[in-house]
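J.: One letter stands for each residue in the lines below.
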Amino acid sequence: MEKTLLKRSFPQWVKKLSSYKILAPVRDGDFWNYEVIDDSNSVDLNYLNTVLSPKKIIFPQREVFLEFSSSNEEGLEIKEVLPDEKSSVIFGVRPCDAKALTLMDKVFGDDLEDPYFLERRNSTILVGLACNTPPSPNCFCLSVGGSTHSKEGLDILLTDLGDKYFVESLTKKGDELIKLAKGTFQEPKPKDKPDAKKIQTDSEKKLKRQIKEIKKVTSELKEMFDSPFWDEESMGCISCGICTYLCPTCHCFDINDEVTSSSPLKGKRVRNWDNCQFPDFTMHSSGHNPRPDKASRLRQRILHKFQYFVEKYQSYQCTGCGRCVSKCPVGIDIIEVVNKVKDYES
Amino acid sequence: MKRTGVFVCHCGINIAGTVDVKRVTEELSKHQGVAHSEEYVYMCSDPGQNLIIEAIKEKKLDNVVVACCSPTLHETTFRNTSKSGGLNPFQCEIANIREQCSWVHKDMEKATEKAIDMTKSAVEKARRNESLEPISIPVTRKALVIGGGIAGIQSALDLANTGFEVILVERSPSIGGHMIQLSETFPTLDCSQCILTPKMVEVSKHPNIRLMTYSEVQEVSGYVGNFKVKILKKPTYVDPEKCNLCDECTKVCPVVVPNEFDLALTGRRAVYIPFPQAIPATYTLDIKSCPGLLPIACGKCADVCEPEAIDYDMKPEIVEEEVGAIIVATGFDLYDKEKMAEYGYGKYTDVLDGLQFERLCSASGPTQGKILRPSDHKEPKEVVFIQCVGSRDPELHCAYCSKICCMYTAKHAMLYKHHVHDGQAYIFYIDIRSGGKGYEEFVHRAVEEDGVLYLRGKVSKIFEDKGKIKIWGVDTLSGKDIEINADMVVLATAMRPSQGAEELAKKLKIATDKDGFLAEAHPKLRPVESVTSGLFLAGAAQAPKDIPEAVAQASGAASKAIAILSQERLYHDPTVAEVNVNLCTGCGMCVNVCPYEALSLKDGKVEVNEVLCEGCGTCSATCLRAAIQVKNLTPLQVHEMIKASLGV
Amino acid sequence: MVNLKELKKEAERILEEGKVKYIIGYERGTNGFWPTPAFIKNPEDVEKLIWDPTCVYNLTRFLVDEKRRKAKEKKPDERPVAIIVKGCDSRALIILLQEKFINREDVHVIGVSCENGGVLDEKKLARRVKGKKALKVEFGEKDKLIVTTEEGKTEIPAEEILAERCLECKANFPVIFDVFLGEKTKRQLDNPFHSLEKIESLSKEERWAFWKEQFDKCIRCYACRSVCPMCYCDECVVDTINFAVTADTPAEEKAQKIKWVEKSPVSSENFVYHLVRAIHLAGRCIDCGECERACPLDIPIRLLNKKLEKEAKELFDYEVGFDPDQPSLVSSFKDEDPEDFIK
Amino acid sequence: MAEEFEPKIVAFLCKWCSSAGSDLAGVSRMEYPPNVVPITVMCSGSISPLYIFSAFNKGADGVLVSGCHPGDCHYIKGNFYARRRIALVKKLLEYIGFESKRFQMSWVSAAEGTKYTEVIKDFVKQLKPLGPQTQLRRNL
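Chain order of the listed sequences is A, B, C and D. Converting from the first sequence to our numbering requires adding 711 to each position, the first position being numbered 1. Converting from the second sequence to our numbering requires adding 6 to each position, the first position being numbered 1. Converting from the third sequence to our numbering requires adding 4 to each position, the first position being numbered 1. Converting from the fourth sequence to our numbering requires adding 6 to each position, the first position being numbered 1.
Same shape as in the complex, but just chain A (with noise of 0.2 Å):
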């Protein structure tokens, strides 16, 4: 369904989706992320690229599964808590992080179903803005398959027109919340399609940033994973979470039982975002660590997002978002070390 909508008639829209919660872009000082939006007219979509991508949504940092208390002699009662939230609507998605999602189903999806995950990510609506002009000056998407207008894994995909947006739904989600407030939209006129298309090829012109050959990466890595490459590029690194917490693909958890009450036991079983670039990631009981240095730390980001991926899922673990690169302490450019991988020669 191909629709168009006045900038000015949006928070009309907004309004009319009242039996969901809805979330968008807010500023915070320097930065956006996303909020809960109670006014229909705060919903703004000048944004720049939020902080945390909506994975921060869908898969949050900290999950309760289940609280136990030992009730008298009979050992623990165990109580399972799923998430039950009404279902949600996120406007301000932007293509790379809509794509990030469909990677993380792969992983929770796939042949171990995660219901947490799942319960969310179906219970929300993805409405995705498309990059008219790149959020960030390290924004990639291009290289790793996606595009500044990629529709992959949103429900609605809107374009801005100038005055209105064009609305691309893409889903029967999509149409829902469309049918919603059918007044508030207006047919496409013939040109706004093309106008479209043609602002899609000029944005994504202007990508200044981009891995080259980047079919070649993940052979390249095969052979790669002994190099002294790793211990160079590592140097700089301070090993915090940034990147991986910040990323919209990274998925890895931890989980804790957090003790309440430690007579009569009481506690709940919590997951929390874990990270691999923490020292203690892989950390054994044992006193070994497996990833004992920097440099395998920034071995396995790299090989995890570019090889191990690839060769289960058939797509690289990484959609260009650039919010790694932008927001890393010390510089550590992920663009630059998977371009330095295809010609480093050890």
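These are computed hints drawn from the structure, not numbers from a lab. It is possible that some hints are incorrect.
[As the list claims (entries may be wrong)] Footprint (simulated), chain C over chain D, 3 or more residues, beta carbon under 8 Å:
1) 50-59
2) 93-102
3) 109-122
Glycine residues also receive a C-beta, built at the ideal position from the N, C-alpha and C atoms.
Fit chains B, C and D to the given chain A structure using the hints.
T.: What follows is chains B, C and D alone, placed relative to chain A:
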């Protein structure tokens, strides 16, 4: 999981009166890991203790918590009980639900709640206690006594006579201290030298005593039972073995310097014997006043020395010794004369201090016991004695009372009257402190039999006037102004820690009080011990004292030392700091804060000297990486106690 | 003015003479005009070295890595590592020496002075050149920085785009070095704790609201402590995992690990984490501002540490980072330390 | 009317002075409110800031740290380090807007049973109007 047994004591109604003991017992029985929980009217009674012993055996308990009175009372009891039950004593913890709970609360409900939390907290601690054995240390059965005054002599003799080896170190050429300078002693007026010299001789002859005069302690390391000391033996340039005391050397020595023994009332040569009965009986060449040895400037003494006892090539020597205990008896000095200018001291030759007057009275003194004033050797007819010179004067001088001045001033006045029957003695005093056996009577005797005139008040001005010393003052009783034209003034100057004591204290790591006297471990209960175990205090080094007190403390210190030396091994509380070397980065912060220098850095990691460690835990609170903790009161234990106290 | 040629000459010299293992410095990054730490081993690479107001990083952080690496090596190269330090970085070095974490002889210190008072604040700059993209920033004449954008050069008064910490810097030149470039132009400081005033002036409730909002943002990526040269512990006390264990660490010791803070990024735990970090940096933080700069969510962490720096000065007259022989703040005391807060 | 709020206080007492002082209060049968659960440590110098944060994190409404008077420390100088450390913790808590009335330090000697009861009474009185401490309490 560890099996803990909980035993709640009623203490009659002392606890049960305000704490629902039954409920505490029930609640605790539900607590994680509590395998047994019971109450009894008096846990400390034999039947009570037997309950514990049986429970330990039957229920296979790993540790025991007794909820009862303060650990200061029965911790030992119940630790021994646990021991007889087959547990390590450290597996027993006390929850103090009496002093800290039942006795201070009225509301039964709330007191019970609190008692429950306290007991749970104790359980959490107990189950994480390590089983520990006391740390045992070998003992070097030899003692060091620093200071050869009456206190040091007494300590040395007591130790030696008990059969222990003693090293007695004295920095001046002879032992005897200040007591040997005194003429008579109050309140009996017996001759000071007559009662002291026999002891000095005994020291010199004693097979167990190694006397090291003209020597100073340079360095002390180690700990109780195992101190290592370095002693500097200064060269006397006279071989005591060869010296036959012929005194020829002094006759030829060209130098004359003030004689310390007579407090500069007389002079001595550069080579000299401090006083005739000096121990060791030998001469000393005082290099500071000698014209010089390198190169030899004079050399007369060696020339005349028949037995060739004089050896200019004698070198300072450092003697290293190991001892198990140390007694510090460094004595006192009188308040510096510079500070006493307002009394004309140091300005007018006939203004003397107490010790100088002692020398004047002494038969062995500069005037062979005749009291003549230094300026013109005339017999003084009017003598003014002034008490509290520098003492009890927080604004300008010392805040404390020097304690012995009241008595020796009375003695001085009395001695003066005995020598100069027609003379008049005045005493300016603030008040008379004559506590002590026969002391009060002594002062009365001075007034009644010897007609000494006591004037209550302070002196306002002292100045020379036509060969006399004019004293202005006020008699605060009559309110009258007083003016006396005295021939001589004797000042009862304050007692100070002997010069150099502060420095020595640092070497020994003994604390000093605000006045510089050595600090005892406890002002009431541990008056002869220092905070560092194995180090004891005797005599005026700790506070102003008269002879009997000094002697008493000296014997006390000796017996404390004997308590250590008489043992094969010492045992030290094992709840000391331990280091997790994996976490330690060797920053040394803990080393800085340790009050006992028990911590040191070795190859970038900190090491604990378990014998020096007292387990205060300041190190563990300072460490940023939890790399050091005190056994059986670890951060984990505190963390769990916090949780239990708050019921989470 | 630091002469970059001289800097490179010195770098080349020590590398050619084989005096040092390698040089830790700054080189131009690939992400815009921001630099990235450079680890230069070969004399021919010294050309990469740069020195301008974008050189924000406190490189002493990498001496910590170097020590760890060295510890693992069988036959370690015992030569020192050369490092380029600004005033603040040099104070970090002082602390590392004070805490005996590194030995003086293991570092060859190339000190540079911060011309016209310091380094950039990325966000301030972005705001200042609104929209336009900065390509280059250089030191200009007296308290001016020269910013080059697509539209050419503009002179901007330093204080408008300098990092807050630089405006409060006690000494914008190194206090310890083997070689020194530039000059010791100490900027005159009327209020070294200016940045605290805003928060200090708030009411208790407002202060709480402020910090709660900040710490609620925290995602515990630990960039603050990872970038901090003072956070060199093998294992942070708030970490719930035994990290500094070895194969022969007994189970009991592992079990001793305390969960002071839960891993979950919830308000209370974030607070405790940041409080513990602040108190552990008391008397150690030298205000290089890296924690705040690294934070992806702009939590003003620096203002926590700065506060304790202020208290240390005012309560105990304790100055951080000038004397490697001074005992640390919490392992020393004065008899006259204030105690009016004690009942 | 609702029951009056009863604050829960964790009191870290040094063994030699403050704990002994609380014993004396007991022996002299002085009464004070039962809101305090004492934890006896060897020396106030051994009290880590972590203990204090943790106590609040575990839900304490108030935390008391008590040691020997300056100069009386059984371990010579432990309480001087405590004084400095606690001062910093107090300032930090104030700064982040934590209710600093909830954190108290005192000197209580073994002879000051009366003072101990006074300290507790005042502290409890001070805490009651504040209600439960939620600022740092674990909210998992």
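J.: With reference to the structure, classify each hint as holding or not holding.
T.: Structure-based check of each hint:
| no. | hint | result |
| --- | --- | --- |
| 1 | 50-59 | holds (count 3) |
| 2 | 93-102 | holds (count 10) |
| 3 | 109-122 | holds (count 4) |
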